[in-house]
Amino acid sequence: MNFSEAPLRIDCSEELGMLTDAATSYLRDNSSVERARELAETETGFDSEQWQALAEMGWLGLATPEEFGGSGLGYPELAKVTELMGRYLFSSPFFATTLASQALIASNNEDAKMQWLPEISSGAAIATLALMEPHNSWEIGDVRATAEATATGFKLTGEKQFVIDGQNAHLVIASALFNGNPALFLLDADHLGQIEQRAESLTHHARRSTRFTLDGLELPKSAKLADGADAQKILGHVSSLAWLLLAADSAGTANGAIDLTAEYTRVRKQFGKYIGSYQAISHPLVESAILVEDTLSLVYHAASIFDGSLKGESEIAARMAKTRSEEAVNLAGARAIQSHGGMGFTWECHAHLYFKRGQWNSLSFGDAIHQRRHLADLML
Amino acid sequence: MPKAESAELQQFRSEVANWLQENRPPLPDFPLPQSFTEVGNNDQFEYLRDWQQKVYEAGYLGMAWPAEYGGGGKPQEYQDIVNQEMVKARTPLMVNAVGLSWAGPTILTHGTEEQKKKYIRPILSAEEIWCQGFSEPDHGSDLGNVQTKAVKDESTDEYVLNGRKIWTTLGEQAKHMILLARTNPDAPNKYAGLSFFLAPMNVDGVEVLPIKKITHEYGFNETVFTNARIQADSLMGKEGEGWFIAMTVLTFERGVTGGQAGGNLMEIKNVNDVYEVAKGLFRDGRPALDDPSLRSQLIDLFITERAHRLHNKRMDHAPLLVPERAAGMGLFNKLVMSEDRHKLAEFAVRMQGNAAALYADDTDAVAGGLWQHARLAAFAGSIGGGTTEVQRNIIAERVLGLPKSR
Chain A
665 MNFSEAPLRI
675 DCSEELGMLT
685 DAATSYLRDN
695 SSVERARELA
705 ETETGFDSEQ
715 WQALAEMGWL
725 GLATPEEFGG
735 SGLGYPELAK
745 VTELMGRYLF
755 SSPFFATTLA
765 SQALIASNNE
775 DAKMQWLPEI
785 SSGAAIATLA
795 LMEPHNSWEI
805 GDVRATAEAT
815 ATGFKLTGEK
825 QFVIDGQNAH
835 LVIASALFNG
845 NPALFLLDAD
855 HLGQIEQRAE
865 SLTHHARRST
875 RFTLDGLELP
885 KSAKLADGAD
895 AQKILGHVSS
905 LAWLLLAADS
915 AGTANGAIDL
925 TAEYTRVRKQ
935 FGKYIGSYQA
945 ISHPLVESAI
955 LVEDTLSLVY
965 HAASIFDGSL
975 KGESEIAARM
985 AKTRSEEAVN
995 LAGARAIQSH
1005 GGMGFTWECH
1015 AHLYFKRGQW
1025 NSLSFGDAIH
1035 QRRHLADLML
Chain B
677 MPKAESAELQ
687 QFRSEVANWL
697 QENRPPLPDF
707 PLPQSFTEVG
717 NNDQFEYLRD
727 WQQKVYEAGY
737 LGMAWPAEYG
747 GGGKPQEYQD
757 IVNQEMVKAR
767 TPLMVNAVGL
777 SWAGPTILTH
787 GTEEQKKKYI
797 RPILSAEEIW
807 CQGFSEPDHG
817 SDLGNVQTKA
827 VKDESTDEYV
837 LNGRKIWTTL
847 GEQAKHMILL
857 ARTNPDAPNK
867 YAGLSFFLAP
877 MNVDGVEVLP
887 IKKITHEYGF
897 NETVFTNARI
907 QADSLMGKEG
917 EGWFIAMTVL
927 TFERGVTGGQ
937 AGGNLMEIKN
947 VNDVYEVAKG
957 LFRDGRPALD
967 DPSLRSQLID
977 LFITERAHRL
987 HNKRMDHAPL
997 LVPERAAGMG
1007 LFNKLVMSED
1017 RHKLAEFAVR
1027 MQGNAAALYA
1037 DDTDAVAGGL
1047 WQHARLAAFA
1057 GSIGGGTTEV
1067 QRNIIAERVL
1077 GLPKSR
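Heads up: the sequence lines are chains A and B, in that order.
Counting in this note's numbering, the first sequence runs from 665 upward without gaps.
Counting in this note's numbering, the second sequence runs from 677 upward without gaps.
Treat the hints with care, since some could be wrong.
Stated by the list, open to error - No more than 16 Å apart at the CA atoms, straight line, and that leaves these computed lysine to aspartate or glutamate pairs for EDC-like:
1) B:Lys866 with B:Asp909
2) A:Lys885 with A:Asp854
3) B:Lys794 with B:Glu915
4) A:Lys937 with A:Glu951
5) B:Lys945 with B:Glu1015
6) B:Lys989 with A:Glu927
7) B:Lys828 with B:Glu915
8) A:Lys937 with B:Glu1073
9) B:Lys1080 with A:Glu927
10) B:Lys888 with B:Glu848
11) B:Lys955 with A:Glu951
12) B:Lys1019 with A:Asp852
13) A:Lys885 with A:Glu927
Simulated from the structure, these hints should not be mistaken for laboratory data.
On a predicted model such as this, the values are computed, not experimentally measured, just so you know.
Take the sequences, apply the hints, and build the full model.
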């Protein structure tokens, strides 16, 4: 295939225009950097009143079909809200919960959808995925945990790592090998009460994630969300959506870092001149802005054509967005710290918040090195 | 949702595609330049001039310019379709680029009725080639500091020109120059002393000296004015308005605004062309595309190209732009395009291994040495029309709101 001539498309619905305005004002007014700092010091890392506000605005079921209590919008809308959350350093289990809802939506398990999706959309249930394991692999199918059939259901063995918002979740969707292939299991509050989750210490201190063992956990038959080809499809769907949304968040985060840096270099003087007038300061900032624009174009194209499938344009577009977003947010975040000079190295300066959020986004679901390798295999 | 193309436009698109296929000139036995700035000899020039004339006569150039001056008087969409189809069909470029993209739109914006009637049609037909006289040997990026003098001789109603202009692309072929010169050395500031001329090249006292480029070729020149006399009505606008008009030209040149006659000004080689070459290459006895580092770099080039192709589509949707920087999107164009040429050519050369050392005229050179040439020619893009560094300053100031760097 000639990739330079691949048909390119960016869609923008009327709803997306209205959502952009609403989300910008909500996040600007309710997610100051100071608020993000306060929340970072709390145990849960988020504000439950704000979570209810998100539910009322329809964001917790933004791309969930209306029959399950959702807003029935699409991927560009999800990307836009995520981008703005990055821009205003908004802390919440939105990303984890959105991915878990999408795992349900992509499944053929109508009972599970009926049970969980309305709960999630209403804000009553926080949900997440447990896909990563301590053997340090971003390959989503590289699962070592196992599920054995028992008389009443399944017995699980294995370890899970980087369970985003694990300590906040009412529902965890965990992967485990069943009959030699990855399958997905629903762990509700009762099951989660039987395992001990250890909060992980992250460089991005505003994020929450847990590590836990599944050893000995018994699940009823109804806890299986999907196995075989169904589970493969769900894993492809959620991982490619994760690339897309993390890229959107990073584009927003990078924009926030650029604004912070630009503002500082307009008021800070050294050697008798505003430091923003020095090209050593201004040119890398321009470079960051260019990378952000690249990322946004790739994100909204990927969102416009997203169908959750692997091996085709949808996967390529999402991986491309993820790759470029890492370059954008890494440069913008690093320049924010560096351009603040000595202050930039202090906890008090806001710059590191953007840098760390960007780093977390980059490292989740596969960094740029990982993405380029996959893209090369898909395209060359 | 993007607007679907109407049946009429679709019909027009297929007409254009067919016309281009049926009428494209056969490939010559000499290499063609990839940009109008690379026209290095008369064979190339004549071949390209004939092609532009043919395109104009078919009605496919200046389609959105007013009909009374020789344009097509149609909506811009028609010309956009022609441009896209030309790029797709990879037909030769439009050689009168300065006329089509800068001088023409500027005359249509600021010119008198008489100037429009006189100049526009021959620009489109390539009968009269235009060049640009902005940069000077001592004032490259600092355009406001232009020193070439134009002194009014009231007795003969002429201006007398003295000074030097440099980087005059197509200077040898040009009949006219858009010229920025100083009419008032005592003006309150350097900008206020400048005036803008539509100057004839074929008068006594105008000397065009070819300059040899790093590519081994000629194609641009130094233009020396020694008491050259031009008619007073060559002045565009009034004395002192030169800087204002020149800024209009730069917006056309940097692709920020519409209004150009259209046509393709470069033959764009893209990342897929590089990929095609790469497939046949061996390095150290192994296929070049087995090398993980090269694979990774090539993927980055694919990503960059796609992102930049997508920008135009995203610009249609205000909610998808960064609100504070929405108006700046256009300014990124020139900068990223010239940087992309560098990155692409650099990779295309380096992937060749030892063979990369061969230049364009060596029979063993990979792909005829096209990329070795492109690697050097890329500097024309990152230096000409305002260097990359000046572009970054402009973006820093106008888009990011940073303090001025000078």
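To see whether the hints hold, each was checked on the structure:
no.: 1; hint: B:Lys866 with B:Asp909; verdict: violated, 23 Å
no.: 2; hint: A:Lys885 with A:Asp854; verdict: holds, 15 Å
no.: 3; hint: B:Lys794 with B:Glu915; verdict: violated, 21 Å
no.: 4; hint: A:Lys937 with A:Glu951; verdict: violated, 22 Å
no.: 5; hint: B:Lys945 with B:Glu1015; verdict: holds, 14 Å
no.: 6; hint: B:Lys989 with A:Glu927; verdict: violated, 30 Å
no.: 7; hint: B:Lys828 with B:Glu915; verdict: holds, 10 Å
no.: 8; hint: A:Lys937 with B:Glu1073; verdict: holds, 15 Å
no.: 9; hint: B:Lys1080 with A:Glu927; verdict: holds, 14 Å
no.: 10; hint: B:Lys888 with B:Glu848; verdict: holds, 14 Å
no.: 11; hint: B:Lys955 with A:Glu951; verdict: violated, 31 Å
no.: 12; hint: B:Lys1019 with A:Asp852; verdict: violated, 51 Å
no.: 13; hint: A:Lys885 with A:Glu927; verdict: violated, 57 Å
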